[in-house]
Amino acid sequence: MEYAIKVQGLTKHYKDFTLDNVSFQVPAGSIVGFIGENGAGKSTTIKAILDLIQKDDGSIELLGQENGARNREIKEQISVIFDECYFPDGLMVENVNQMMKQTYRHWEPETFFHYCKEFGLPGKKEVKEFSRGMKVKLSIAVALSHKAKLIILDDACGSLDPIVRNEILDIFMDFIQEEEHTVFLSSHITSDIEKICDYILLIHKGRILFFENKDALLYDYGIVKCTEEQYKELDPAWIVGVQKNRFEVEVLVNNRQSLEGQFHDYVVDQASIEDILLYVVKNNIEKI
Amino acid sequence: MKGLLLKDIYNLRKVGKQYLLILLFFTIYCFFLKNPSFFPMMTIMSFSMLILNSMGFDEASGFDKFALTLPVNREDLVRTKYLLLLLLLAAGYVIGMTGNVLISLFIQEEMTVFLEQIISTAAVAAVFFLLYGTLLPLVFKLGVEKARMMMLVCYIAVFAAVFAVIKLITGMGLEGKVTDKLMIAATAATAVFAVLYLLGSYIISIRIIRKREW
Chain L
1 MEYAIKVQGL
11 TKHYKDFTLD
21 NVSFQVPAGS
31 IVGFIGENGA
41 GKSTTIKAIL
51 DLIQKDDGSI
61 ELLGQENGAR
71 NREIKEQISV
81 IFDECYFPDG
91 LMVENVNQMM
101 KQTYRHWEPE
111 TFFHYCKEFG
121 LPGKKEVKEF
131 SRGMKVKLSI
141 AVALSHKAKL
151 IILDDACGSL
161 DPIVRNEILD
171 IFMDFIQEEE
181 HTVFLSSHIT
191 SDIEKICDYI
201 LLIHKGRILF
211 FENKDALLYD
221 YGIVKCTEEQ
231 YKELDPAWIV
241 GVQKNRFEVE
251 VLVNNRQSLE
261 GQFHDYVVDQ
271 ASIEDILLYV
281 VKNNIEKI
Chain W
289 MKGLLLKDIY
299 NLRKVGKQYL
309 LILLFFTIYC
319 FFLKNPSFFP
329 MMTIMSFSML
339 ILNSMGFDEA
349 SGFDKFALTL
359 PVNREDLVRT
369 KYLLLLLLLA
379 AGYVIGMTGN
389 VLISLFIQEE
399 MTVFLEQIIS
409 TAAVAAVFFL
419 LYGTLLPLVF
429 KLGVEKARMM
439 MLVCYIAVFA
449 AVFAVIKLIT
459 GMGLEGKVTD
469 KLMIAATAAT
479 AVFAVLYLLG
489 SYIISIRIIR
499 KREW
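Keeping their order, the protein sequence lines are chains L and W. With the first letter of the first sequence counted as 1, position 242 gets the number 242 in my numbering; the numbers rise by one all the way through. In my numbering, each residue carries its 1-based index in the second sequence increased by 288.
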């Protein structure tokens with residue numbers, strides 16, 4: 001299997017935070033959702049992948065190239081969309097087009113203007129007059145207009161309304177139809193991740209907790225609502241996290257099908273990605 | 289790099305109207321003073337200051353972080369700014385000298401002074417090489433806002449050094465003995481020094497940007 005991103009033993013120390021021995025591989029042709037709470041290390045990981053910070057240890061491959069973010073040829077094939085638009089305020093859509101034409105070898109003005117039109121971006125206004133959502137749309141239009149093979153999004157869709165977000169997710173679904181196209185999507189919006197991602201990568205306190213196929217994850221994980229006594233009967237190996245209240249115990253388990261087969265009187269709901277994330281954060285789980 | 293430079297030019301267009309007004313003000317001022325030599329000095333100074341505006345726009349928008357995700361490397365960010373500085377100094381020099389000639393023609397200044405003007409304006413440009421050669425690594429290291437304070441210190445240091453050299457020459461009683469040839473030689477030596485200084489500054493800026501994190 002080819003990988004669009006390969007991260008091995010990535011470590012970065014800060015005074016109050018450590019990205020600790022992070023390893024994962026993003027298969028080419030897939031959409032990988034990168035989730036974790038604020039400050040978990042998502043943006044730091046992405047910055048390290050893009051060589052915006054200097055790693056203390058580990059190796060990073062982009063599109064098969066070691067330290068690919070330092071390679072101009074590799075960067076021709078990558079698009080990055082941040083949570084903010086970093087185009088200077090005084091630029092207009094046409095200026096961005098001209099600038100990118102001089103920057104990317106495979107820049108496609110028709111595609112760019114097509115997306116600008118589709119996103120309703122005004123041609124005669126400066127970037128400073130754009131709303132936050134429009135700025136992100138401009139970044140997305142740029143990202144889709146130079147034949148990129150890999151799109152990395154760092155919490156980019158958070159400022160978009162649900163309708164536009166939905167349109168954009170559909171565009172990424174179309175993008176991924178090409179076999180060699182890959183999307184690495186860091187987001188807080190777990191419903192988006194659940195909708196389009198093939199794999200889920202969960203980071204917590206600078207450590208990767210799991211990298212799983214989304215369908216397998218949703219199939220395996222469940223929430224058991226039971227009494228304290230029933231909870232005690234559960235195999236500890238299945239238990240990922242527990243939340244107790246006055247009336248019942250809610251348990252996140254990682255073997256829903258087996259549990260349902262074994263304990264017929266237990267109520268087991270399918271766990272969503274958001275449930276899993278909440279259990280991990282609330283229970284401060286460090287290993288799954 | 290062409291894309292980065294184009295972006296800088298688009299950004300600086302915003303201050304274009306203000307600069308036309310400044311040029312008009314300098315022109316009127318020179319007419320009243322009957323001293324066209326003031327004009328190129330002011331154009332070089334005001335044009336070269338645009339480099340800080342350009343870096344300020346980038347800093348305010350966080351552009352450098354985004355630029356490094358494009359097919360652009362860290363060195364390109366530095367290279368573009370030094371190239372822009374050279375273009376701005378050249379524009380300041382050419383526009384200044386053109387204005388100087390036109391004002392001279394209007395106020396019927398003797399053209400024999402013109403050679404002296406070319407040399408002294410080149411010396412002014414060399415001083416700005418030294419000034420921005422000192423300032424740009426600081427901007428790459430500290431950012432424009434923090435470096436603005438340093439700018440004042442750099443201005444004072446560079447102009448104090450120039451003043452000290454002039455004092456030294458007059459103190460040694462060389463003032464009357466300075467021939468045109470000697471002037472040209474001194475200007476050429478200053479120009480070579482200024483270019484080497486800017487080259488050194490460029491190398492330091494490259495080292496700074498290689499270690500920078502976003």
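It should be emphasised that the hints constitute simulated quantities derived from the structure, not laboratory data. Any given hint could be a false lead.
Claimed, not checked - Now the stretches of chain W that chain L is said to cover, found in silico as 3 or more residues with beta-carbon under 8 Å:
(1) 320-329
(2) 339-353
Stated by the list, open to error - Think about it this way: if two alpha-carbon atoms lie no more than 35 Å apart in a straight line, the pair counts; the simulated DSBU-like pairs of lysine-lysine are:
(3) L/Lys6 to L/Lys214
(4) L/Lys101 to W/Lys290
(5) L/Lys214 to W/Lys353
By construction, the Cβ of each residue, glycine as well, lies at the ideal position given by its N, Cα and C atoms.
Given pair status - W/Lys353, L/Lys214, alpha carbons within 35 Å: Measuring from Cα to Cα gives roughly 31 Å; hence the hint holds.
Under 8 Å between beta-carbons, do enough residues of the region 339-353 of chain W, three at least, approach chain L for the coverage claim to hold? holds (count 7)
Given the hinted pair L/Lys6 and L/Lys214, is their alpha-carbon gap at most 35 Å? holds (19 Å)
In terms of beta carbon proximity below 8 Å, does the region 320-329 of chain W have 3 or more residues touching chain L? violated (count 0)
Going straight from one Cα to the other, do L/Lys101 and W/Lys290 come out at no more than 35 Å? holds (10 Å)
Hint compliance for this structure: hint 1 alone is broken.
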